[in-house]
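Here the protein sequences line up with chains B, R and Y, keeping their order.
Just so you know, the numbering used here puts 83 at position 83 of the first sequence, and the rest follows in order with no gaps.
Just so you know, the numbering used here puts 22 at position 22 of the second sequence, and the rest follows in order with no gaps.
Just so you know, the numbering used here puts 155 at position 155 of the third sequence, and the rest follows in order with no gaps.
Don't read these hints as lab results, they were simulated from the structure.
None of these values were measured; they are calculated from a predicted model.
Built from N, CA and C at the ideal position, the CB exists for glycine as well.
Among these hints, one or two may not hold up.
[Said to hold, decoys possible] Pairs of lysine-lysine, DSBU-like flavour, derived with a Cα cap of 35 Å: (1) Lys153/B to Lys55/R; (2) Lys104/Y to Lys6/Y; (3) Lys55/R to Lys198/B; (4) Lys52/B to Lys38/R; (5) Lys47/Y to Lys336/B; (6) Lys153/B to Lys38/R; (7) Lys3/B to Lys47/Y; (8) Lys104/Y to Lys52/B; (9) Lys51/B to Lys104/Y; (10) Lys38/R to Lys104/Y; (11) Lys336/B to Lys55/R; (12) Lys289/B to Lys44/R.
[As the list claims (entries may be wrong)] Covered stretches of chain R, going by a simulated chain B footprint (3 or more residues, C-beta under 8 Å): (13) 51-65; (14) 73-81.
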Amino acid sequence: MGKQTIIPFGPQHPVLPEPLHLDLVLEDERIVDAIPSIGYVHRGLELLVSKKEYAEYVYVAERICGICSFMHGLGYCQAVEEIMEIQVPERALFLRTIWAELSRIHSHLMWFGLAADAFGLENLFMLSWRLRESVLDIIEETSGGRVIFGACKIGGVRRDISPETLRDMCQKLEKLKGHMDRLTGVFLNDRSVGYRLKGIGVLTREDAQRLGAVGPLLRASGVDMDMRRLGYAAYERLSFEPVTENDGDCYARCAVRARELYQSIDLIAQAVSMMPDGEVDTKVLGAPKGECFMRLEQPRGEVLYYVRADGTRYIERFRVRTPTFTNIPSMIHCLKGCDFSDVPNVILTIDPCISCIER
Amino acid sequence: MAMEKRIEIFILTVDELVSRTRSLHDEGYRLVQICCSKVDESGKAVLELDYTFDKHYNLYNIRISIEEGAEIPSISEIFGSAFVYENEIHDLYGVSIQGISIDYRGNFYKTAMPHPFTQD
Amino acid sequence: MSFIAKSPWILHYDGSSCNGCDIETLACLTPVYDIERFGVINTGNPKHADILIVTGSVNHQNRDVLLNIYNQMPDPKAVIAVGICAITGGIFAECYNVLGGVDKVLPVDIYVPGCAARPEAIIDGIVKAIGILEMKHQNMRIKSKWRLRWPWKSELKFSY
Ligand code: SF4
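Sequences are here, hints too, so could you generate the full structure?
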């Protein structure tokens, strides 16, 4: 057994686009422990509720994280709507679903790129980000923004999508499927990628449940849990099965995300075909009073919002529990026992979103 | 105007917390989150801790109220994932939690001031 | 055009941003926007870098990190603040843990507004920064020439 060394990892590190700091305790080349310390991105935006009105706060909620920004806005709006018992028009629900799934596609494609970069395949990084741009184009065409949509508001959505655009969107996504085959083919069948991913950072089913993992990380360990089953927005009426894999290693997490890409395209097609006509928003009067928990499935997993309001225009307490936050224990668990050279891989396969963790 | 909306929450005392958590764990519940909020109760600041559990997509909530600076037992022996929340609550609210399985001793969140969420 | 303006290397540091501007900065490197056509390469090492791109605001935690990175970069160097967060703190300006824009800590040369800043704007900012780098480089050359001629005057300050 060798001597123990502590290697600081981050906050500024080539493979991490975001500042995460880890102290890795090494014995020779093997990791024995990892100690996270966060706070580089901490803004304390949960406290901003006392300074922004509840309808204004949607903008702040969207900026909890720029990757799943739509979902954060959606979750906050749904929580307030639930408290105020607002009936959101059908069409708005479907539009929300479409945007949510588009964000999932763009987030997963982005993840594929970052993961490829972490194991040194820069080509693949470029390829997946190029595909991602086509999704961003659709988003920009429909909502006006590229990463921060600003499309969701309390009581509905801000814009409607015309039937022609919807049809175009489906065609574009069908075409994207063809390109995606190529991308996911490399990830799932290439020998050298497999060498970097298979059997690395294994999280067994029991450990995943014990450590409270969520999202693709949990589903890759064979647990079928997907908050879209709760039936928020229009998911109640769409048919889908959560994607699961059984191995629990980096490769399985990759496979889960690859299959979710196709699932999302399928969900969008379903939503477009069932899209009802009508209004896209309702008028909101008064102020919320009460409290509620709201859960959604983000690209990274289950997210929970807690809103408590006292009947004034300012919300009393707002809390977000983001998926990456719950995945930290699993990440530490996966890191233990793996090689130092695999650290970037393992960290990226849980798809960390640091600004989500720290808010 | 808008009706007051309430969620189902079981209010417990600090002593009951660990035993109730253990029985939930044995029933197969999963810890979703621990949330702390500061409320004013007739002029006195009280911290409310909400423990949320989930089983088959149903939530089960426990709430305990403590005073600022009070001590509570940790549940991280029962639910391994609880340590991140407990460290967070310790760093942001200054609640001291006894026996966290992985205790970062206030080095988890690094903020400009200690316990920012209790300040007004 | 000096060698430095032909291929400036950039270093990206994420302050306390929401990620929106980060992914847009990264998107600049990818085939659709491709700033590599200006010879720009993204690097992870501050000692290789000429341009520092900062997204997100500054807080007490990352102030020292930023200063550290900035001091490690060789002269001449330019700093770009991307996104409204990096300029003034933006939507998070009222948060207790946010100090404000990057210019509270570092001298910023280029401000790229937007929330999130669009890749086109970021590219524009980088191209402008290349011009500034070139200028600083010229100034440095003049300065070092003077220093050779009048070594006792090496304290001469040139404003750039
Ligand atoms: S400027 Fe806007 S998009 Fe950019 S980091 Fe700040 S909040 Fe996010």
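Each hint tested on the structure:
Among the hinted pairs, lysine 153/B with lysine 55/R is consistent with the structure: their alpha-carbon atoms are about 31 Å apart, no more than 35 Å. Distance check on the hinted pair: lysine 104/Y and lysine 6/Y sit about 30 Å apart at the alpha-carbon level, within 35 Å; holds. About 31 Å separates the Cα atoms of lysine 55/R and lysine 198/B, which keeps this hinted pair within 35 Å; it holds. Taking the CA atoms of lysine 52/B and lysine 38/R, the gap is about 18 Å. The hint holds against a cut of 35 Å.
Simply put, lysine 47/Y and lysine 336/B have alpha-carbon atoms about 32 Å apart, close enough for the 35 Å limit, and the pair holds. Between lysine 153/B and lysine 38/R the alpha-carbon distance is near 27 Å, which keeps this suggested pair within the 35 Å criterion. At roughly 31 Å between alpha-carbon atoms, lysine 3/B and lysine 47/Y fall within 35 Å of each other, so this suggested pair holds. For a cut-off of 35 Å, the pair hint linking lysine 104/Y to lysine 52/B stands: about 25 Å separates their Cα positions.
Only pairs whose Cα atoms come within 35 Å are accepted, and lysine 51/B paired with lysine 104/Y is accepted, the gap being roughly 23 Å. Straight-line distance between C-alpha atoms of lysine 38/R and lysine 104/Y comes to about 32 Å, which keeps the hinted pair within the 35 Å bound. Between lysine 336/B and lysine 55/R the alpha-carbon distance is near 29 Å, which keeps this suggested pair within the 35 Å criterion. Distance check on the hinted pair: lysine 289/B and lysine 44/R sit about 21 Å apart at the alpha-carbon level, within 35 Å; holds.
By the rule of at least three residues with a Cβ nearer than 8 Å to a Cβ of chain B, the coverage given for the region 51-65 of chain R holds, with 4 such residues. Evaluation of the coverage hint for the region 73-81 of chain R: fulfilled, as 3 residues show C-beta separations to chain B shorter than 8 Å, against a requirement of three.
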